[in-house]
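S.K.: Each chain is listed here by its residues.
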Amino acid sequence: MTDQPSVSDNRAGVITRVEELGYELKIGQVMTTKVVTFSPGTTILEALDVIKQHRISGAPVTVDGELVGIISTEDLIRALRDGRIDRSVSTYMTKDLITVKAIDKVVEALKVFQKTKVGRLPVVNENNKLVGLITKGDITNGLLTALQRDYQAEEIIRYRASHLFEDIESDRTSLILRYRIIKDDFVNGGAASNNIKRALLRLGANRQIARKCGIAVYEAEMNLIIHTNNGGFLRVEIEPHKITIEAYDDGPGIDDIEKALTPGYSTATEEIRDKGFGAGMGLVNIRSCVDEMTMKSSKESGTNLYMTMYLDKTES
Amino acid sequence: MCSLQTILDNIELQILTDPQDYTEIEIHSGYTSDLLSCVMTGAQADGIWVTLIANINIVAVASLLELPAIIITENAQPDAATIARANREGIVLLSTPVGSYQIVGKLWELGIKDLDPNK
Chain A
52 MTDQPSVSDN RAGVITRVEE LGYELKIGQV MTTKVVTFSP GTTILEALDV
102 IKQHRISGAP VTVDGELVGI ISTEDLIRAL RDGRIDRSVS TYMTKDLITV
152 KAIDKVVEAL KVFQKTKVGR LPVVNENNKL VGLITKGDIT NGLLTALQRD
202 YQAEEIIRYR ASHLFEDIES DRTSLILRYR IIKDDFVNGG AASNNIKRAL
252 LRLGANRQIA RKCGIAVYEA EMNLIIHTNN GGFLRVEIEP HKITIEAYDD
302 GPGIDDIEKA LTPGYSTATE EIRDKGFGAG MGLVNIRSCV DEMTMKSSKE
352 SGTNLYMTMY LDKTES
Chain B
143 MCSLQTILDN IELQILTDPQ DYTEIEIHSG YTSDLLSCVM TGAQADGIWV
193 TLIANINIVA VASLLELPAI IITENAQPDA ATIARANREG IVLLSTPVGS
243 YQIVGKLWEL GIKDLDPNK
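Sequence lines, in order, name chains A and B.
To convert, note that position 245 of the first sequence is 296 in the numbering used here; the numbers rise steadily by one, no gaps.
To convert, note that position 59 of the second sequence is 201 in the numbering used here; the numbers rise steadily by one, no gaps.
These aren't lab readings, by the way, just hints derived from the structure by calculation.
For every residue, glycine included, the Cβ atom is placed at its ideal position computed from N, Cα and C.
Please note that a few of the clues may not be correct.
[Said to hold, decoys possible] Computed beta-carbon distance windows for the label pairs:
| # | chain 1 | residue 1 | chain 2 | residue 2 | range |
| --- | --- | --- | --- | --- | --- |
| 1 | A | Glu75 | B | Ala226 | 21 to 31 Å |
| 2 | B | Ala187 | A | Arg286 | 19 to 29 Å |
| 3 | B | Asn152 | A | Glu75 | 32 to 42 Å |
| 4 | B | Asp221 | A | Glu125 | 48 to 58 Å |
| 5 | B | Ala226 | A | Val169 | 32 to 42 Å |
| 6 | A | Thr345 | B | Asn152 | 46 to 56 Å |
| 7 | B | Asp151 | A | Ile308 | 49 to 59 Å |
| 8 | B | Ala222 | A | His214 | 35 to 45 Å |
| 9 | A | Gln104 | B | Glu231 | 48 to 58 Å |
| 10 | A | Thr191 | B | Asp151 | 28 to 38 Å |
[To be verified] Each computed SDA-like pair below joins lysine to any residue, with the alpha-carbon atoms no more than 20 Å apart:
| # | chain 1 | residue 1 | chain 2 | residue 2 |
| --- | --- | --- | --- | --- |
| 11 | A | Lys326 | B | Ser237 |
| 12 | A | Lys146 | A | Ser123 |
| 13 | A | Lys234 | B | Ser237 |
Hey, can you work out the whole structure from these sequences and the hints?
M.R.: Here's what the structure looks like:
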C-alpha cells in the first residue's frame with residue numbers, strides 16, 4: 052500500500068473498502084502514542100544510548116510537550132562524523148518540521164508520506180502539542196484492525212441472527228420479511244430476492260437452500276414486475292423448519308393456470324422478451340426449487356402464489 | 143477450471159467494470175443463454191455466463207447465482223446503470239464483438255467444460 056497513488060477524482064468510482072477506511076479513520080486512532088522524546092538539551096551521546104535501547108531510528112524533540120524538532124539517525128550520524136557527541140540534540144535536529152494533526156484523516160498522512168518520503172511523522176493536537184508518531188506501518192496496522200472489525204461485525208450479525216430462533220422462546224417463532232414490488236421496475240428487479248437470500252444466509256441456512264429460495268423468489272418477483280397491473284407484494288416467513296413464500300397481486304389474474312405451468316408457455320410481449328424474460332420457465336423454475344407450490348388466480352382478486360421449502364432435511 | 147485472468151489472456155475481451163484481481167477469480171463452469179429463467183436453472187455458481195443480453199437484469203441474476211463474470215457478445219452495450227450495479231455487486235462485465243457460439247468455443251478450448259459432478 053506504500054506505492055498506492057492517492058485517490059483522484061477519476062478514480063472516485065473505484066474506491067475500495069481500504070481506501071474508504073483511509074477517509075474514515077483518524078490519524079489519532081492509528082498513531083503510536085507511546086513516544087520517546089528528547090529535550091533540546093539532551094546530548095547526542097545520551098540520545099544515541101536511548102535510541103539504541105529502544106531500537107528506534109529517531110525521536111521528536113519537545114519543550115513542555117510542544118514540538119520543536121525531530122532528530123533522526125541521519126542527524127546523529129552527522130554529529131558523529133563531526134565528532135560532536137557532547138553537543139545537544141538541538142544543534143543537529145531538523146527544525147523544518149512536517150507534522151500531521153491527530154484529528155485529520157489517515158489519508159492525509161498517506162499523502163504526506165507519498166510526497167516527502169519521510170518514514171515517520173510527528174502528530175500534534177490543535178495546540179501544536181506532540182501527541183504521537185505515525186508510520187506507514189501504523190497505518191497498515193490500523194487499516195487491518197478496522198477491516199477485522201468490519202469482518203467481526205458481520206460475524207456478530209450472523210451469529211445473532213443464527214441464534215435468533217434459539218434465543219426467543221415462543222410456541223411458534225417466525226420472522227416475516229415483506230417487500231413491495233413495483234410494476235415495470237426492472238432496475239430494482241432482483242433486489243428483494245437478493246435481500247431474502249442474504250437474510251437466510253445470516254440466519255444460518257445452508258447455501259443450497261438460500262440459492263434455491265433466491266431463485267424462486269426472483270422468478271416470483273419478476274412475475275410481479277412484468278405481469279401485474281399494479282405490482283404486488285412478497286411475503287417471506289422464515290421458521291426454524293420451513294420457509295413460506297407468498298407473492299400476491301391485484302390483477303389481472305391468470306386465465307389458464309394449467310397452461311401457465313407448461314414449460315415454455317409465455318404471455319410476455321416482444322419488448323419483455325428482448326430484456327431476456329418470457330422464457331416461459333418462471334413457474335417451472337419455482338416448482339423445481341421449492342417443495343410445494345400452489346397458485347390461485349382470478350380476475351377479481353388477482354393472483355396468489357404460495358411456495359413452501361422445508362429446512363429439516365438439508366439444514367446444516 | 144481456470145482463472146478469469148487466463149480467460150482474459152486468451153480471449154480478446156473488453157473489460158467494462160472496474161479492475162479487480164482477475165487471478166483470484168476462479169471460473170469453474172460456463173453457461174450460455176439469452177433467457178434469464180434458463181440461466182436461473184442452468185448456470186452453476188462460480189460459472190461464467192455468455193449472453194447477448196446487456197440490460198440491468200443480467201446483474202441481478204448473476205448476483206443471485208454467484209456468477210463472477212458475464213461475457214456480453216455481439217457488441218451489445220450495457221448502460222451506465224448496469225455497469226454501476228455490476229461494480230457494486232463485484233461482477234465483472236466483459237464485452238466482445240463476436241458471437242456467443244465462438245466465445246463458448248474458446249472457453250471450451252481453455253478447459254471450461256461445465257462438467258459439474260453434482261449435475
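S.K.: Determine for every hint whether it applies to the structure shown.
M.R.: Outcome of the hint check:
1. Restraint check, Glu75 (chain A) to Ala226 (chain B): a C-beta distance of roughly 22 Å satisfies the suggested window 21 to 31 Å.
2. The hinted range of 19 to 29 Å is satisfied by Ala187 (chain B) and Arg286 (chain A), whose Cβ atoms lie roughly 27 Å apart.
3. In this structure, Asn152 (chain B) and Glu75 (chain A) meet the distance hint of 32 to 42 Å, their C-beta atoms being roughly 40 Å apart.
4. Checking the proposed 48 to 58 Å range against Asp221 (chain B) and Glu125 (chain A) shows it holds: the Cβ atoms sit about 56 Å from each other.
5. The supplied range of 32 to 42 Å is met by Ala226 (chain B) and Val169 (chain A), whose beta-carbon atoms lie about 39 Å from each other.
6. The beta-carbon spacing between Thr345 (chain A) and Asn152 (chain B), approximately 49 Å, falls within the hinted interval of 46 to 56 Å.
7. In this structure, Asp151 (chain B) and Ile308 (chain A) meet the distance hint of 49 to 59 Å, their C-beta atoms being roughly 51 Å apart.
8. Evaluation of the 35 to 45 Å hint for Ala222 (chain B) and His214 (chain A) yields a pass: the beta carbon distance comes to about 42 Å.
9. At about 53 Å, the beta-carbon gap between Gln104 (chain A) and Glu231 (chain B) stays in the expected band of 48 to 58 Å.
10. Hint check: Thr191 (chain A) to Asp151 (chain B), Cβ distance near 31 Å, so the stated range 28 to 38 Å holds.
11. Note on Lys326 (chain A) and Ser237 (chain B): the hinted pairing holds, with a Cα-Cα distance of about 17 Å set against a maximum of 20 Å.
12. For the hint linking Lys146 (chain A) to Ser123 (chain A), the alpha-carbon distance of about 11 Å falls within 20 Å, and the restraint holds.
13. Between the alpha carbons of Lys234 (chain A) and Ser237 (chain B) the distance comes to roughly 30 Å, so the proposed pair goes past 20 Å and is violated.
Of the hints listed earlier, the one the structure fails to meet is number 13.
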